[in-house]
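Place chain B on chain A using the hints.
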Amino acid sequence: MSEAFYLEIQLNGEPFYLLPQKAIYRPLKKQLFFSDIHLGKTTHFRKKGIALPQQSKLKDIDLITSLINHYQPLQIIFLGDLFHSSYNNEWLYFKSLLQQFATLQFILVKGNHDILKDDIYAIKNLDVIDVLEEEQFIFTHYPLENPIKLNFCGHVHPSYTLRGKAKQSITLPCFYKQNLTFMLPAFGNLTGLFAVQKNKKTSIYLITQKMVIEA
Amino acid sequence: MYPLANKWFKAKKWQPHTFQKNTWQAILQNKSGLLNAPTGCGKTFAIWFGILEHFYTAHKKQDKITSLHCLWITPLRALSKEIVAAMQTVSADLNLDYKIELRTGDTTPSQKAKQLKKTPQALVTTPESVHLLLATKNYTNLFKNLEFIVVDEWHELLGSKRGVQIELAISRLKAINPNLKIWGISATIGNLDEAKNILIPSLKNIITIKTNIKKEIIIKTILPDIVEKYSWAGHIGLKLIDKVIPIIQKSNSTLLFTNTRAQSEIWYQAILEKAPELSGQFALHHGSLDQITRKWVEDNLHKGKLKAVVATSSLDLGVDFAPVNIVIQIGSPKGIARLLQRAGRSGHQPNSISTLYFLPTNTLEIIEGAAIHYAIKHNFMEQRVPYVQSFDVLIQYLVTLAVSEGFKAQQIFTEIKGTHCFKSISADEFSWCLNFITNGGQSLGAYNEFHKVVIEDGIYKVIDRAIAMRHRLSIGTIVSASMMQVKYLSGKRLGVIEEWFISKLKPGDVFWFAGKNLEIHTIRQMEVLTRKSKGKNGVIPSWMGGRMPLSSQLSEGIRMQLNDVAAKTIQYKELEALAPLFQLQGIESLVPNSKQLLIETLETKDGHHLFIYPFEGRFVHEGMAAILAYRIGLLQPITFSIAMNDYGFELLSDTKIDIEHVLDANLFSNEYIYDDAVKSMNANEMAKRRFRDIASIAGLVFNGFPGKEKKTKHLQASSQLFFKVFEDYENDNLLLKQAYQEVMDFQLEIVRLQASFDRINTQIICIKTLTKPSPFCFPILVETLNREKFTNEDINARISKMLKSIEK
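Residue numbers (the numbering used here), protein chains in the order written: chain A, 1 to 215; chain B, 216 to 1023.
Chain A extracted, bound-state conformation (with noise of 0.2 Å):
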């Protein structure tokens, strides 16, 4: 990781880090988020005959691990999306996480796959809720169809296409701001991506695996 960059941006005069891992950092809550995990997606393809190599389920939740290590954050936000539909056994991977951190506080502000029942979430560091608001910023899954203050949101897995001369071009998972919204990327390594596009009034950070840079 200590060859990765971060990119700080300033928020309503508030430094956020946007990482190259695809999570925010927040220095000044040490709050660390995370957007559209779908963590339980390969068993559950698995379970229905679908043949989704078992080792993919590791890998997002050892990239969380390390990140953590490396913060030292408080607080661990999951902007939905964290578990894709029913419960199965990968339920237990992430249990162990929240184990393993036992001091550290864990939030989901719920998702529309968010489905699993009440007393599988009733751990005892995890609380689930439905929106999480501040003085300044709102933490949603879904973005909010008219925001009065900054929303931080998932839910739509942005990507940009970016072009060059000789008929070049790059597509990559990116944050996203318009406005008073602003979209996290999908975290889990099993999503798939939704292009937006670029005008005056949004900004635009593609992520590489090295860096975030300002489009």
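Just so you know, these hints were derived from the structure itself, not from any lab.
These numbers come from a predicted model, not from an experiment.
The C-beta atom is built at its ideal place from N, Cα and C for all residues, glycine as well.
Do not rely on the hints blindly, as some may be mistaken.
Stated by the list, open to error - Taking CB as the label site, the calculated pair distances span:
1. A:Ser66 with B:Leu1018: 40 to 46 Å
2. A:Asp118 with B:Gly320: 52 to 58 Å
3. A:Leu92 with B:Asn881: 52 to 58 Å
What the hints assert, rightly or not - The calculated BS3-like cross-link candidates involving lysine-lysine, where the alpha carbons are at most 25 Å apart (straight line), are:
4. B:Lys1019 with B:Lys952
5. B:Lys719 with A:Lys167
6. B:Lys1016 with A:Lys210
7. B:Lys939 with A:Lys59
8. B:Lys1019 with A:Lys198
9. B:Lys1016 with A:Lys48
10. A:Lys198 with B:Lys721
11. A:Lys47 with B:Lys676
12. B:Lys1004 with A:Lys210
13. A:Lys59 with B:Lys903
14. B:Lys820 with A:Lys165
15. B:Lys987 with A:Lys167
16. B:Lys1019 with A:Lys200
17. A:Lys165 with B:Lys952
18. B:Lys314 with B:Lys352
19. B:Lys1004 with A:Lys165
20. B:Lys1016 with A:Lys198
21. A:Lys167 with B:Lys871
22. A:Lys167 with B:Lys1004
23. A:Lys167 with A:Lys149
Quick look at chain B alone, frame taken from chain A:
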């Protein structure tokens, strides 16, 4: 000798052909065989009366069997209908108790259930429906008395995965009934013997029967009056429409073939505008149109009520339309066999001549008219390359057997080893496939919740009903993009259209489909509700789909024509017409003879262009471009945008390439072609595209239940995601390896690629520096869609370069 046939032919006042009598005799002698005959000469009756005579000779009244006796497989539903009708007429005319029924995707579930309870003697069906039968319980009982399997239009099926399905089905049916006789019907192809051996493996008593009926074919090229004013880079050819209308008006009935569905829509619209008097007797036919519409067009063509029809390959095969006397091929025919097949759709009246007009869509394409004459004169004919080691089809087949009666591994292994496709499969590879369907490709371990196929007492079977149901719905090897229904507000169906096209439109937008201007009213789930628009013409959908390369035979024809131009020994009038173009090419650059390889360089505001002209078809060019890009990349970090057509290709870069320097570094070496192709990033990109079909056939990508697409959304993942995950975690996955192998065999055409590198090594390289685009490079230069890329530059460096160029 042949009581039924004689009686029937006599009543019709027809004289049987020699090949028909030979076929009857062979079938009565319990032979299997291949009948090589063009459509429209009575091939169906050649086989059919053999089977009837065999049935009534072998089964006297007392022991008449009432179970399935003959399975007749065709590639097309439309063709199946026609054949069933012909067979039923025979049974009715002769008052026979031999029953024939249709079983295809159009057969209703209740009819299908009835067929299993009270089986007819013959079923006319498609490869997919045969596999669906293998997925039903008691299929061994159904097939236990099967005597004959007939594969119609085998040449069409051979070079596809549907051919593999046929091979597998035959391996199973032969095991159930060792006396099974197998008959194939095939048009002429370059590898007819191989085709026979693949269809009828390891049987004795095999015969090939050929017809001696020769059909006269006339081929003419439609030439523009002033070649200089014709389109240099078009794909449509509309400037020649004024020459097309009189041909249609003078003919009895004309078929216009295009290469893409978009072309067919455009031509349909343009002809109606030019000749409104045709409306009502002019129609459109392509694969995306609703079945009812297509059936209407076919019926009316038959009855002679249509003056002209614009069609795609949807009308290539099958049913003969007697009234059709002229065929027009719009755009490159791509191959000799394909051209002759299309030409053969005309002139079905006795003793009439097939006439085909070739309409080139751009100036340079006129040369193909000459190449066609040359190739036909020299009896060139393409081969159909069969698929081997198609693990995706095998995996689907194994699950099919597990869904119905279950299977024993050793028995099926022995059976499939007898097919051409899997004759070299190893025990390890077979075990891998078994493990893939039982353990999801993993070693047994904790938390493995995979259980598609389970093993009970040595029998592999599917016990989960939802899995069985999903599997039955996904049987088949034709993979299409996600499709949406196009309907009128009233609910009347117009056809289907690719989801990605509609995703770019919104309600109120107008698009041109099924020959109509449609305004989108609402888009909901998988339906587009529309109303007729009176406004301006809408966008024309460009359907995705394989772009067929020019065949190696036709490519050679073109190179020989250029050689004649360079040597001033031209023979055909197409080349005379092209004289101004060749003159310009000669001034700006060079017309290469067969001993020269032409390379052109050009600098424009887009960057530095390098054009190379091997004249080998777009697939070989794609592979060669990737290999050259990789080799140049070894000398310097570089990014290329790559475009190609059937004549040559372009490497476009933002930095200048020193061409002399890279040539000195042995750019065109004919060694390590395979390795360099694999190492070029494009092999990876191409494999990813190939993997789309493979993942779907092997059951990884599930496209949802008809009408319930939404409910299965949580089980959908793109094949690209599987590709990436397999590359990261499971690169010994046989499906992944198959994707790369298919790229080598069918995309890069590695054998042909190697041959063209070998040829280039005997040629003199001629480099021309252009000051403006030459006639040869222009069509490639303006290609903006359908570009490939190659890069070995650092991604961050590329991004900062792009961001900088945007700032400027």
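**Q.** Structure-inconsistent hints, enumerated in ascending order
**A.** 1, 2, 4, 9, 17, 23
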